[in-house]
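Trainee: Put chain Z on the given structure of chain V with help from the hints.
Protein sequence lines, in the order shown, are assigned to chains V and Z. The numbers in the working numbering rise by one with no breaks, and the one at position 53 of the first sequence is 53. The numbers in the working numbering rise by one with no breaks, and the one at position 495 of the second sequence is 495.
The set of hints was computed from the structure by calculation and includes no laboratory data. A portion of the hints provided could be inaccurate.
In silico contact screen, one side only, chain V against chain Z (beta carbon under 10 Å); selected entries [as the list claims (entries may be wrong)]:
id : residue
1  : Glu7
2  : Ser13
3  : Val25
4  : Lys29
5  : Pro39
6  : Gly62
7  : Arg65
Even glycine gets a Cβ: it sits at the ideal position worked out from N, Cα and C.
What follows is the residue order along each chain.
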Amino acid sequence: MNRIPVESSNIMSIGYDQVTQTLEVEFHKGRIYQYFDVPQAVYEEFICAGSKGAYLATQIKGYYRYARV
Amino acid sequence: MPKNPTLLGTVQDVQGATISIELSEDTITGLAFINGHGYRIGQVSSFVRIPIGYIDLFGIVSQVGASALPERLSLSESHGHRWMTVQLIGESYQRGEFKRGLSQFPTIGDTAHLVTEQDLARIYGRPDAPNFVKIGHLASAESIPALIDINKLLTRHSAIVGATGAGKSTTVAGLLLSLADKKKYPSARIIIIDIHGEYSSALNDHATVFRINPDINKNEEPLFVPYWAMTFDELLPITLGSLDDASRGALLEKIMSLKLATIASHPMSEISSNNLTVDTPIPFSLHKLWFDLHCLINATHTSAGSGQSADTMAFELDENGNPVQIGDAMKVIAPRFKPQNLASGAEKIYLSGSALNLRRPLESLASKLRDTRFDFLFRPGLWTPNIEGKTEEDLDSLLEKWFGGPQPITILDLSGVPIMILTNLVSVLLRIVYDSLFWGRNLSEGGRERPILIVLEEAHVYLGQNDTGPAAAVVKKFVKEGRKYGIGAMIVSQRPSEIDATILSQCGTIFSMRLSNPSDRAHVTGTVSDNLEGLFNSLPILRIGEAIIVGEAVHLPVRTIIDPPPANRRPDSCDPLVYDNSGPGGWNREKEKSDYTEMVTMWRKQQYRSPRLVDNAAEINRTDEVKE
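Chain V extracted, bound-state conformation:
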C-alpha cells in the first residue's frame, strides 16, 4: 500500500486501500498498523485533519479493529 507522508508528532505516513477499506498508519517508532473496515470518508477526513494524532485518538482508536503489519 502506498502511504502518504504526513506532518504529525507521532504519525509518519498514512495509506488507504479502497477495495478492502483498509487504513494503514505508520507511527514514528517505525511500527506499521492496518485498521480494518475504515470507510473512505473517514480516511479522507483523517488525511485532511489539522491534527492527525488527535483525529486518530478520537475518531479511529476505539472504533476500528487493527493488526500490526
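Mentor: Below, chain Z alone, put in the same frame as chain V:
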C-alpha cells in the same frame, strides 16, 4: 587550588595489585576541570594513573571512603582522611601504548593522578585497527569509543547476560549490526538461534530469516530441517521416543537398509555400502519406514509365523474382491487388514509373527507425520525424500542458504517449533553447523577460513545447569573445541546462574548488563578471571543499555554505553505499553468492537500474521516496475 589539577593523592599501602591511596588534603571532592572537561573525582570504576619514572601505572578504583582504609590503620585513624582502594591493571610508557600486566609496583609516597580523556584515549583508543569494531562509548567519557577485538570475540566465545529489561536484545542487535557491516566485513557470517522470533524486525536488511510460517511479504524463507540429516540418536527422541533394545536394533537395521537402498538406486561417489553408517546424512523415507514397520507389526497374514511375507498379507476386501484400503505411506494412511480368524473351516487369518514391541511408538510417529506443525522436519520442502529416498535437493543447497546467503546474518527463527522438541531441535541445528564446518574446515567455505558466529539467544532455556540434554552437550563441544574450527558461540541469557558453569566459564568475553539477582551476579563474577570484583559490584545499578565488558576482546574491563540501533531497528522484545499515548493500543483508549474468531483462526494456523492484512507484495512490485 592545588598546583597540579590531576593530582589525587599518594600511595600509602601496596598489597600485590591492590593499593590504597590517601587523597591529599587539597584534592577537591566533586568536580575538577582539566582542559575544559569536567571530571568527577573518586568515582568507583574510574581510572587512576600512577607515574613512576618513565612508566605510568593504571588502576581501577574499586572502593572509596572510610572502609577503604587499610585494616591496621582503622583503629588509630580518624574518619577525617579520605581513602581509595585501587586495583592495578596495566602500564604504559609515557607516550606509548597501554599493556595489561605490571613490570613494577608503586611504593609509598608515589602520586596518583586522575585519568584524563587523553590518557583514556591512550588506554582504549585504537580506532584504526581493522579488527576492532566500535560498539559504543565509555560510560565515563563520551568521546572515547568502546572497541572490541572481533578475532578474540569470535574464537574465544562470549556471553551477554543481563536482567530482563536491561536492554539485552537491543545490545545484541546493536552489536550484530556493527559486526555485519557489509563494507568493512563483506564476508561476515552470523547465525542466530532465535527461539522467540525477536530479531527479524531489528536486523531485517542485514539478515535472511528462516521461519516455520514465513511471511513472504518480508522475504522470509521457510525453515526446513531435514530429518534424514540427523543422527540415529537425534532422530529417535523426535520421532519414536525411547525404545527397548530389541526394537531399537530393528529400527536401526531398517533405517540402514533404507539408506542402502537409496545409495543403490542413486549412487553417490563418496559413499558406498562399505562406509555407510546409520548416522550418515543420506536421505531415506521416514514415511516408508513407518509404513513398512506398521505392516510388519499390524498386518494379518494368510500363513502362520515364518511363512509370512508381503505376499501373504491379508487386506480387507470389498464385495468385488478388491482391497478396501491398501494404505499410502506418503499420506500416512494405514492399510486395512482382515481380522484374525482361526475358526476351523474358514480361511485362516493369522496375526503377524513379529515380536517387536513398537505399536505405540509407531502410532505416535504416525500422528507426528500427520501433524502440520512437524512439516518443517518431516516434509522439508525440496529436501523431502520420496518413497524411494530420492530428494530434489541435497544438503549442499541447504547449507549454502544457512551459511552462504546474500546477507551476513542468518536468523533461524524457532518461534513456531513445538516446545517438546525445541531442545532437541536446537541441538540438531547446532550439530549440523558444527559437523559441516568441522569437516569442511580447510575449505574456503569452512570455519577456519571464514569463521562463523553462532548467537544462542535465551540460552538458559536449553542449556540448563543440570541439563544433560543434547543441546548442552553440543554447546559444550562448541565452546571447548569450536575455536580450532572457526566456530564462535555468543551465549545470551537473562539467567546466567541457570546456565551450565562449564559453558559460561569458557566464554572469554563477558558483556554483563544490569543484574540484580545475587545468585546471577555471583555466577558471573565467579567466571571472571580479573581481580575486579569492585567493578562488578556496580552490576545492579547499571543503566539500561550499559554493560561492563571484561575479557579477551577488550584490553581492559570497560564500562560501556552500547550504541543502540535506530528506533525502527529494535528487537520485538520491547515492552508493550499499558498506557500508550502514541501507538494504537493501550488501556487508555475505548475498546473497539472485538472479533475473536480471527484470533482462533491464527491460533489454529499457528501464524501470527493476520489474514486480514492487505497483502502489499503485488503493490510493491508494481511500484518497482514504475521506477525502472
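Trainee: Each of the hints needs a verdict: does it hold here or not?
Mentor: Here is how each hint holds up against the structure:
This hint is violated: V:Glu7 has a C-beta 15 Å from the nearest C-beta of chain Z, more than the 10 Å allowed. Interface restraint check: V:Ser13 against chain Z, minimum CB-CB distance 13 Å, threshold 10 Å, status violated. At about 7 Å, the closest approach between the beta carbon of V:Val25 and any beta carbon in chain Z falls short of 10 Å, and the interface hint on this residue holds. Hint status for V:Lys29: holds, given a least beta-carbon distance of 6 Å to chain Z, under 10 Å.
Interface hint at V:Pro39: violated, since its Cβ lies 14 Å from the closest Cβ of chain Z, which is beyond the 10 Å cut-off. With its C-beta approaching chain Z no nearer than about 3 Å, V:Gly62 sits inside the 10 Å limit, and its interface hint holds. With a least beta-carbon distance of about 6 Å to chain Z, the hint placing V:Arg65 at the interface is held under the 10 Å criterion.
Hint compliance for this structure: hints 1, 2, 5 are not met, and every other hint is.
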